[in-house]
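Using the hints provided, position chain B relative to the given structure of chain A.
There are 2 protein chains.
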Amino acid sequence: MELNNFFNPQSVAIIGASSNKNKVGFALLTNLLKSGQRAIYPVNVNSQELAGLKSYPTVTDIPNKIDLAVIAVRADIVPQILVECGAKKITSVIIISSGFKEAGESGQELEAKIARAAREYGIALLGPNCLGVIDSQTDFNASFAAQKPPKGKIAFLSQSGALGTAILDLAITHNIGFSKFISLGNEAQLTEIEFLEYLAHDQDTEAILIYLEKLSNGPEFMRLCAEITKTKPVVVLRAGRSDRGLKAAMSHTGSLAPADSVFAAACRQTGVITVESIREFFNLAKLFQLGIKRPLQRLVILTNGGGPSVVTADLVDLSQSLSLVEFSTETKEALRKVLPPMAAVGNPVDIIGDALASRYADALKIICAEKETDGIILILTPQMMTEVEATAKLVAEFSQQKPILPIFIGGPTVEPGLVYFKQNNLVNFTFPKDAVEALDNLARGIKKQETITNTDNPLVPPSSLIMMNFTGVSKILKDYEINLTGILVKEKTELAGALSKLGVAPFVLKAISPDIIHKTDTGAIKLNLKNIEEVERAWDEIIANNPHAKLEGMFLQPMAVGKEVIIGMKRDPIFGPTILFGWGGIFTEVLKDTTLRIAPVSKEIALEMIREIKGAKILTGVRGEKAVDEEALADLMVKVSKLAIDHPEIKELDLNPVIITPAGIKVADIRIMV
Amino acid sequence: MELNNFFNPQSVAIIGASSNKNKVGFALLTNLLKSGQRAIYPVNVNSQELAGLKSYPTVTDIPNKIDLAVIAVRADIVPQILVECGAKKITSVIIISSGFKEAGESGQELEAKIARAAREYGIALLGPNCLGVIDSQTDFNASFAAQKPPKGKIAFLSQSGALGTAILDLAITHNIGFSKFISLGNEAQLTEIEFLEYLAHDQDTEAILIYLEKLSNGPEFMRLCAEITKTKPVVVLRAGRSDRGLKAAMSHTGSLAPADSVFAAACRQTGVITVESIREFFNLAKLFQLGIKRPLQRLVILTNGGGPSVVTADLVDLSQSLSLVEFSTETKEALRKVLPPMAAVGNPVDIIGDALASRYADALKIICAEKETDGIILILTPQMMTEVEATAKLVAEFSQQKPILPIFIGGPTVEPGLVYFKQNNLVNFTFPKDAVEALDNLARGIKKQETITNTDNPLVPPSSLIMMNFTGVSKILKDYEINLTGILVKEKTELAGALSKLGVAPFVLKAISPDIIHKTDTGAIKLNLKNIEEVERAWDEIIANNPHAKLEGMFLQPMAVGKEVIIGMKRDPIFGPTILFGWGGIFTEVLKDTTLRIAPVSKEIALEMIREIKGAKILTGVRGEKAVDEEALADLMVKVSKLAIDHPEIKELDLNPVIITPAGIKVADIRIMV
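Just so you know, the protein sequences line up as chains A and B, in that order.
Take the first sequence: its position 7, counted from the start at 1, is 763 in the working numbering, and no numbers get skipped.
Take the second sequence: its position 60, counted from the start at 1, is 816 in the working numbering, and no numbers get skipped.
These aren't lab readings, by the way, just hints derived from the structure by calculation.
Some hints here could point you the wrong way.
Claimed, not checked - In silico lysine-lysine, DSS-like type, Cα no more than 27 angstroms apart, as pairs:
no., chain 1, residue 1, chain 2, residue 2
1, B, K1348, A, K1370
2, A, K1093, B, K779
3, B, K1319, A, K1348
4, A, K1395, A, K1373
5, A, K1275, A, K1348
6, A, K1326, B, K1370
7, B, K1319, A, K1319
8, A, K1003, B, K1093
9, B, K1348, A, K1319
10, B, K909, B, K1149
11, A, K1373, B, K1373
The shape of chain A in the complex, shown without the other chains (with noise of 0.2 angstroms):
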């Protein structure tokens, strides 16, 4: 879909054009007429002129072209606009009204009414619910916001207005600029994937951070993260996480959420860095500025105040993703001749208090020509005899040679430097914390970033689940070449003859039927039994345990002893079918130490799905255990994988436990729900 007409349109008609100072209206023509050289046309039935303006009574009535409409009347007069839009052949429209579906049942009838207008006329519409639309590098406002934020690179999509506004005015103070803001209101056509599309080739734009709290279409979403990551950071506010907050979202937009674990699987495979406040967001936003956009992990922090330098020294060392170089004993010596006695030249450089700016000039010198460092984090404390506007100034100059984070700590005797910095479109971190935390949201975002990812995950709306019966599940199992060792019994007297088929002792029996999903909690499965004898014994107690159960049968299995692990499979609404891997048994719910990927999972995949549990290691083998059959393992997700793409119908897929054994993986039990 054409979407320049949002951002540099040469011909805007503002209906709903006020002169009110209190209404929207007035405010967005106040923000369209300061929008360069462009034509304005303000359109509202009772007024003949508007700041100057001839105004018109509807749209039609204006006579030259229009390449974008901005819509500000009462929710229940837009469809008619719409219409008019349609008929005066304007192809882009944004509707800043609200009262659509965040507003109950009216309201989404309204909404269903401007959506199919909008197809009808092949109106692309932007909207409703929403700020609007700022583009700096074409000097384009068509928003209601306040301020406008410094020009720059960094492109925002927003489905909160609210904190659109927030944001934009904070970036004022803080010297963050920005290419294009484009408020997502209740998307009732273009949503954050057209706009992802279009600012994925918007040579403006290097950087892109979305708010969001639905997502319209995962596989589409994956598609284009991975190959915008490639060039351009993606960060994403994702918000709904948790009950409350996702409660929260849906009053103010009644749109689906994707679950949480799912979405962060899905931006770690497409490299898009997740942040969950809004401090993260936008110390991301201020690295973007400094032109930092591939991870610095390298890191070398000069100071002249130790107690900060010692705090910084911690975070970095005990971050996810960053490091502190080893300087080489060369660099030690070059900084030792320049440096005095007391200073200290290991990482940190600790110039000490009474370091004038020449003396972070002579350490950056020699920090900078240091080939293991990717970047400088330089703090500065304010003492009686700091030059805080010269250093500020050294900033500038050596970020020219390697990337530098200023972190100037203090108030009033900082500020000549935060003015220096602002004057040069750089910016300051506040504290250490703020700069540690966004290099390391950086690496972490980006490193992850996977092979990608069919993007052709059928998606299957939610509906209730009933559990797949044994022959079906069998048929599967078959297919997909996943053996179950047992063997079903449908009557008491063919145990024994089941029992001589599988050999040695000890056995397991237990109960298949779709009434019983946990055995364990209804005594539906009984382990370690030795003999014929007590096996018919497990047989009664477990039909005496679970007397209403509908039975198909008992499985009968050889006892596999060994650690536990699960396979798992669910089909996600918005983003098509997830594998899971993680403890199995008792410990899956306990540890909560498992991990998951958006299908398909390759085997490259599913061998690193095994090595990023926390327990990894004692699978991987401790202290000369014998390690697990790795290969085999991811193998069995790979089929699962597999299995869930070819198998729409199938909603979930436990295999659980997977039992470990020196002879091998089992898979002791599956459940499929469909």
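For chain B alone, coordinates are given in the frame of chain A:
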């Protein structure tokens, strides 16, 4: 020790006073002269007059009584100056000068010299290498900080001068008031302990912040903090937690730092809040500035913007100790009556974008009357019609009824609100996470305080470890009624007799040798031996596997099967014996699911430890499994704790694994290091 003279002296000598603006002696004199009505005596051998005051060649030349001397001269002449202070009967001295312990060997000697001189003359000595002292309540400033922080109720003890200047300066911008600031420097004599003791009874201090790299006395720190945290929150920013951080800290203090896990346990046992970043430290100070010193856990979010409130709801809901209040039907009804139809009356209460201050007021009236609510997070985003300053006034007004944490998110547009807060001794949180994290830190730190703690833990200097022989171990086990089932066998020929004594198979055979610490690694333990032949073969194999180990014999045990836990004891040089509990066997190292306390451990604390490891549910019984005998496990931990206090010669002790069997808990192995 009497410390009043550091905070409110009537007469002060400043030795090394200077008229050179680049000298510390100038800044000190300037600050002292602004310190209310006090007699200030400059001392400088080269000046007759300084800042319009008569200057004395030495302190002994001053005709009047001196309450406090502040020394800012070259390190090498400080010892002589101290002698003069002694001669002049000055009992309180601050040494600002650097060039002591932090400057290497000759500095260390100088520092020992001044410590001796102070002791000899009965001088209370702060420093050297410190920034000085500020008391906002008495209007006294004996520091060379460029700015004085606002007056307030928070005391700040810092082992870093640079961190001190940075935070005091930043406090001006954010309007955080301090009662006292004490820069501890090298702590040649006075340490954090003496000042904590002073602050415990200081009526001007309602909360205490400590930046801590080193600790002089663990048990005393615990005794004091346990007492103080009953009435005043104590926050510790602990630096040197990581390898690199510790190295950096050592390089600028050269002092002993407590192990991080041990220090964390000590803080938790005494209700001290620990934080890892200056940012958290500062945001807790903001809470205290708002007068919030006890946990607020049941929260209401009031907002004019959907997105930020969803993010905040997530943060609260996913926090460790906070929750969102569920409103009663009455409260919801009351809110519905005063709010527009599109508003959300759940929690978050979203009064939507067009809210004027009056709508905030309407909602606040109702929420403040809500009994279940501890506090309110009030979010403001700058919308077109938002009344920023009027809403700030409401925060001040309604804070009288219920604690309110304002989060005005934005830049220039919200500035009038921030200015209003500043004028009214309130603060703003920049981001929701800042407020939520601070509340969570406060609640987590304070709720965890446990019954206190012996302070007489014997502190033993670190030394090399040797393994206690089996005779010693046996005696300890007997004395404390710890049961290790099995028989020590010295010759292979005794195996058969031992076997028949123990009874049913299978058995375990393990080497007893001071040379073998990890038996599994060296093949010095054989499991699951079924009969005398297998046991004898195991004997030979163990000897073959460990040809160079000096054996005391082998230990033959019945093999217990069950879940494995560890009970460990390690003697910390700063805090004394610590008790560890967690998953045993190979899980100890891989899952790292352990918890730690400083001894003594009461039965109550032992039970809490058992219940707080991540896998606790596995111990306490999942899915109808039998629960562990927690009482017996706790008793065993109490025995280890007692043993550790009684036997200072024991440096480390591990019961690993302790096996949980249906018949009870069994200690399967013990290792004691002396």
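Taking the hints in turn, this is what the structure says about them:
1. K1348(B) x K1370(A): Holds, because 9 angstroms separates the two Cα atoms, which is no more than 27 angstroms.
2. K1093(A) x K779(B): holds, 25 angstroms
3. K1319(B) x K1348(A): holds, 18 angstroms
4. K1395(A) x K1373(A): holds, 24 angstroms
5. K1275(A) x K1348(A): The hint holds at about 20 angstroms.
6. K1326(A) x K1370(B): holds, 26 angstroms
7. K1319(B) x K1319(A): Holds: K1319(B) and K1319(A) sit about 13 angstroms apart, inside 27 angstroms.
8. K1003(A) x K1093(B): holds, 22 angstroms
9. K1348(B) x K1319(A): The hint holds at about 18 angstroms.
10. K909(B) x K1149(B): Satisfied, since the Cα-Cα distance of roughly 23 angstroms is no more than 27 angstroms.
11. K1373(A) x K1373(B): holds, 22 angstroms
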